[in-house]
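Undergrad: Going line by line, the protein sequences match chains Y and Z.
Note that our numbering has the first sequence beginning at 1, numbered continuously upward.
Note that our numbering has the second sequence beginning at 1, numbered continuously upward.
Since the hints were derived computationally from the structure, they do not count as laboratory data.
Small disclaimer: the values here were computed from a predicted structure and weren't measured.
Incorrect hints may appear among the rest.
Unchecked claim - Computed list of lysine-lysine pairs in DSSO-like fashion (alpha-carbon distance at most 30 Å, straight line): (1) K67(Z) x K332(Y); (2) K457(Y) x K446(Y); (3) K511(Y) x K542(Y); (4) K236(Z) x K366(Y); (5) K401(Y) x K315(Z); (6) K297(Z) x K410(Y); (7) K67(Z) x K401(Y); (8) K366(Y) x K403(Y); (9) K366(Y) x K70(Z); (10) K67(Z) x K403(Y); (11) K440(Y) x K297(Z); (12) K373(Y) x K237(Z); (13) K236(Z) x K373(Y); (14) K366(Y) x K297(Z); (15) K544(Y) x K511(Y); (16) K545(Y) x K513(Y); (17) K332(Y) x K70(Z); (18) K319(Y) x K64(Y); (19) K373(Y) x K67(Z); (20) K15(Y) x K70(Z); (21) K237(Z) x K366(Y); (22) K193(Z) x K401(Y); (23) K70(Z) x K373(Y); (24) K60(Y) x K319(Y); (25) K297(Z) x K403(Y); (26) K401(Y) x K70(Z); (27) K193(Z) x K70(Z); (28) K297(Z) x K15(Y); (29) K237(Z) x K15(Y).
Chain by chain, the residues run as shown.
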Amino acid sequence: MESVIERITRGHFWKFHGGIHPPEQKQLTNNKPIRQIPIPAELVIPLQQHIGHAGELLVKVGDKVLKGQPLTQHTTAMSVPIHAPTSGTITDIKNAVIAHPSGLSDRCVILAPDGEDTWRERQVCNDVNMLSHDDLISRIASAGIAGMGGAGFPAHIKASSQKKINYLIINAAECEPYITADDLLIRENSPTIIQGIDILAKLLKPTQILIGIEDNKPEAAKVLMQACENRTDIKVCVLPTKYPTGGEKQLIQVLTGQEVPSGVIPVNMGIVMQNVATCFAIAEAVIHDIPLIRRVVTVSGQALEKPQNVWALLGTPVKHLLDCCDFKRSSKPHLIMGGPMMGYSLPTDAVPVVKTTNCILAPSDKEISQENKEVECIRCGQCAEACPAQLLPQELQWSAKAKDHDQLQKLNLFDCIECGACAYVCPSQIPLVHYYRVAKAEIRQKHLLEVKAEHAKARFEARKVRLEKEKLAREEKHRKAAEARRARMNAGTPEGENAKSAVAAALARVKAKKAQSGIADVETSAESAPISPVAAAVARAKAKKLAAKKKAEQALLSTDTPSSEASLEQKAPLNANNATLESKENQASIANVSDKPSDATISKDGDEAISKPTKSAQVAKAVARAKAKKRAKEMQSEKAPENANKSAESKVTDSNATLTETATETEKASKTIREEKVIPNASSANKNNETKVSVSSETPDDTNDTAVTEPSKQDRIKAAIAKAKAKQQSKPKADLVVDDLKASANNDDSKEKRIALAIEKAKAKKQQRTEST
Amino acid sequence: MAFWIASSPHNHTQNETSALMRLVIYAAIPGILAQFYFFGWGNLIHISLAITAALVAEFFVLSLREKNIKNQIFDGSAVLTAILLGVSLPALAPWWISVIGAIFAIVVVKQLYGGLGHNPFNPAMAAYVMLLISFPVQMTSWQPPLELMHMDLNFSNTLSVIFSGFTVEGYSVEQLRFHVDGYTMATPLDTVKTNLTIGLTIAESMNSAVIGEHFGIGWEWINAAFLAGGLFLLAKKAIHWATPVGFLSSLFICSLIAFVISPDSNASTMFHWFNGACMLGAFFILTDPVSGATSTKGRLIVAALAGVLVYIIRKFGGYPDAVAFSVLLCNMAAPLIDQYTRPRTYGHQLEQK
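Chain Y extracted, bound-state conformation:
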């Protein structure tokens, strides 16, 4: 570290890579003092003029404000307040075009000055040493001071660093062409600047203070040297002129030989840098209680008659500055805020001066060409030689054109400081920086989308996990509940039995509901027809359905080729299904029955004999009741024909009611009857067999044992028929050709035939046996 100071004392500095020497054009303004200009008719003060957040608004439209009165207050660390640059009335608070490369609009306070320029009450501090560290910081913060070199970083944050500071670097390099604002400020106000530096030194306690100034400002350098003559802690470093020496990273490298690692801020290396104008503003704020309300602005360019540095109130529209310097308007003027290398074109001259505005450039057409003469890159590499960040601008350009964002990041696009040196030297006149800006914006946008997508994905995953967890929890709960129930039921206690029967009852109820919409028996519906026409119609419809179903079943069965073994096997589950269906229906009917308290005793395997008579008896009873009633009615009507209409009507309704009652009863009864009919079908295979066989009506007597066990009756029947036929055919030759048939059976594919043959054989043997016996 000692060597750094020694080196600097010897006047030796480090060099940064690249850099250019554009025409300085400082002579336009550096020979004239800073001019005071009249207060403009209107001030447009953007709420945010720095990096960070806007402060909280303190005034409203119509308020009268005094010079220096805060218009916003700082609420967060990264916000700085703004102040009224002069006394006057707030006429509006609205969005207006602000100083931004994209010509954005932002909230601005519009102030109509009253011309009095009356100050608010000020607390002048005569001895800075009396103020504590925190007092100093709060004075700087409440004065609204943001870095005045260009970036606009809040000054109090840099000044309140708790880190060990080796170097406090004061940036007076002012490397951009045309700009002489700092030059003139130093020349005219060096004592105040030194006071500001002292305040910063008090706060940061740096080992060494270095003031970096380029050698193209000899007068300013001389003034500074004189001001620091008997100071050992401040070194004025007169640096060789090269653009962009004034860049933070470049100036650090030139003065200390250190490189700021990518992504690291200089404070972490023990280096703090402030602009000279910021030092001046700090001194004014702390000592004289003057907030940041004005700054030196270089108004330059060959389109002006009288280019000069001016003291501009913040919020002064650019038009006012140009008018003060006699702007010669052309058909399409070019206004630049900032220098020609890094400044940006203004979309309108209504843009106000802000804390970071150091220059307004109004060049003539000759001075800065408006033509775009871009041609192809020839890879001459001059840009790479000029780049202070040691990037490869030509490769960046290709990748930017190809939108190869990965490659751009690999080439460290984000280390580009947009100084414009590459584009300045490019013989193909490619607007390189423009390509980088677009690419950077695209990458930021893409990154933003990626982050969003990442969040959405995380949300989705979390939801999936949550749903899965909930499902598992639910299943677990159900499982536990079921287990508890089962345990209760199997416990054998009276409650368990109750629970069992309750469950059964519930199941039965559900099934009964299903069964109600089931098929009505034809016979019963026929029986009930005279009782209720509606019921009859329903029954008819049901009967039709049943008939259709039966037909369909038969059709299905008949389509099965008896020769196919597979079809035989397929039949089995079908039948089984039918069986289960039937049994279900049985269950339903039983449940239905058990619903009624009178039939509660009937269980699944309950005695049909008992239930049958009761039902038929019930039906009979109901019919009898209905008939009795009818008769009674007839008799009544016969007996009392003279009876009033009213009573007759009422009786008719009565009788009607009883009629419907009987109808429902009979219906119920018929249902049970039908169900009972079904029960035997399902309960025993043999019975079923018999009924079905009887349906087919062509049952040979000698159905053997195998046929009984076979699930498919229809096929069996067919086989039997075939067999019978075969028997008829073969009977005459039975004794003779059994062996022959055996042989032919081997070749025969038809299973049915084989079965028939087998049976035939059996029969033949039987015959032989009977004959022999």
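Fit chain Z to the supplied structure of chain Y, relying on the hints for placement.
TA: Same frame as chain Y, but now just chain Z:
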């Protein structure tokens, strides 16, 4: 009022690519004049033929590609390519050699790859190699220096030879190449190479008529003139110092090592420097930014590689000179070398510093 909007930076050096090309063309003039002085009108005629063919080809392709013809045709790149090709051709080669070469250079090597800035190979050298491989007889019939020729090769004679193959008096190119003593004269590099194969030492070869007092009549001065032009370009910062330095030093080192080991079978360092297309290659061809490397380190490597290749081909290869071949080989390697010689960005990999 409408304001002009532009992206920063707003000012510019006002440098132009065409200006750069013009500067290179001016720097080649001393060499061309030296060539004219020692070898007559041949190369001048070829240069003008090549320029005409190149401009016509450029116009044709640019109109097909619907480009801004006015801007691009006079950006100097086509003319420079044609000049470099014309300079490197044998002075008495038939006219169609330079025409085919120029068309090939512009249409195939330059425009088919996307035009200026996109060609991976140096157009002039690619065309030269194509011609050398396709027309070996015409491309190796080097004319001896005027002072060694037994007849006066004036402008009309040269023109006649180029367009008809015979002088006005009826001499063919082969006859023109005869020495008074009755043998065909070759270039100094060729002479040394052939002599070595027939068992003569370098010292004996140096007595050959074509070599003269130093390293070859005419050739040494042409190279000196190109060297002067190259130094002018360096002073003007039109070319980067790394390329000529890398090329010449690697050629110097290679030839020095060989010369130290066996001076009888290896020509001196200066013989290599001042013969063939050495200086032309070092300052005018390898420095072509489009087909070369971009970083300083990369340029040094590419140029050094070219120097080694030139020496190897001159010494062991089948061709007497090798600038064109080694340039093409280095063009191929340049993108890869670029990939591995990226400079360290400010603030990155500081620990390796």
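Undergrad: For each hint, tell me whether it holds in the structure or not.
TA: These are the hints, each one checked on the structure:
Distance hint between K67(Z) and K332(Y) is fulfilled; the C-alpha atoms sit about 29 Å from each other, no more than 30 Å. For the suggested pair K457(Y) and K446(Y), the alpha carbons sit about 16 Å apart, so the restraint of at most 30 Å is met. Using a Cα cut-off of 30 Å, the hinted pair K511(Y) and K542(Y) holds, with the two alpha carbons roughly 19 Å apart. About 26 Å separates the Cα atoms of K236(Z) and K366(Y), which keeps this hinted pair within 30 Å; it holds.
With a CA separation close to 45 Å, the supplied pair K401(Y) and K315(Z) exceeds the 30 Å bound. At roughly 19 Å between alpha-carbon atoms, K297(Z) and K410(Y) fall within 30 Å of each other, so this suggested pair holds. Simply put, K67(Z) and K401(Y) have alpha-carbon atoms about 19 Å apart, close enough for the 30 Å limit, and the pair holds. Restraint check: the Cα-Cα separation between K366(Y) and K403(Y) comes to about 34 Å, which exceeds 30 Å; the hinted pair is violated.
A threshold of 30 Å between alpha carbons decides the hint, and for K366(Y) with K70(Z) the separation of about 23 Å falls inside it, so the pair holds. Distance hint between K67(Z) and K403(Y) is fulfilled; the C-alpha atoms sit about 23 Å from each other, no more than 30 Å. For the given pair, K440(Y) sits about 28 Å from K297(Z) by alpha-carbon distance, which is consistent with the 30 Å threshold. Restraint check for K373(Y) and K237(Z): the C-alpha separation of about 22 Å stays at or below 30 Å, so the hint holds.
For the hint pairing K236(Z) with K373(Y), the CA-to-CA distance comes to about 23 Å; that is within 30 Å, so the pair holds. A threshold of 30 Å between alpha carbons decides the hint, and for K366(Y) with K297(Z) the separation of about 39 Å lies outside it, so the pair is violated. Distance check on the hinted pair: K544(Y) and K511(Y) sit about 23 Å apart at the alpha-carbon level, within 30 Å; holds. Using a Cα cut-off of 30 Å, the hinted pair K545(Y) and K513(Y) holds, with the two alpha carbons roughly 19 Å apart.
A C-alpha spacing of about 27 Å is found between K332(Y) and K70(Z), which places the hinted pair at or below 30 Å, so the restraint holds. Restraint check: the Cα-Cα separation between K319(Y) and K64(Y) comes to about 25 Å, which is no more than 30 Å; the hinted pair holds. Restraint check: the Cα-Cα separation between K373(Y) and K67(Z) comes to about 14 Å, which is no more than 30 Å; the hinted pair holds. Taken as a hint, the K15(Y) and K70(Z) pair is broken in the structure, with Cα atoms around 43 Å apart against an allowance of 30 Å.
Using a Cα cut-off of 30 Å, the hinted pair K237(Z) and K366(Y) holds, with the two alpha carbons roughly 26 Å apart. In summary, the hint linking K193(Z) to K401(Y) is not supported, as the alpha carbons are separated by about 50 Å, beyond the 30 Å threshold. For the proposed pair K70(Z) and K373(Y), the alpha carbon gap of about 13 Å is at most 30 Å, so the pair holds. Note on K60(Y) and K319(Y): the hinted pairing holds, with a Cα-Cα distance of about 26 Å set against a maximum of 30 Å.
Taken as a hint, the K297(Z) and K403(Y) pair is honoured in the structure, with Cα atoms around 27 Å apart against an allowance of 30 Å. A threshold of 30 Å between alpha carbons decides the hint, and for K401(Y) with K70(Z) the separation of about 25 Å falls inside it, so the pair holds. Using a Cα cut-off of 30 Å, the hinted pair K193(Z) and K70(Z) is violated, with the two alpha carbons roughly 48 Å apart. Proposed proximity of K297(Z) and K15(Y) is supported: the alpha carbons are some 19 Å apart, at most 30 Å.
At roughly 20 Å between alpha-carbon atoms, K237(Z) and K15(Y) fall within 30 Å of each other, so this suggested pair holds.
Hint check: violations occur at hints 5, 8, 14, 20, 22, 27; the rest are consistent with the structure.
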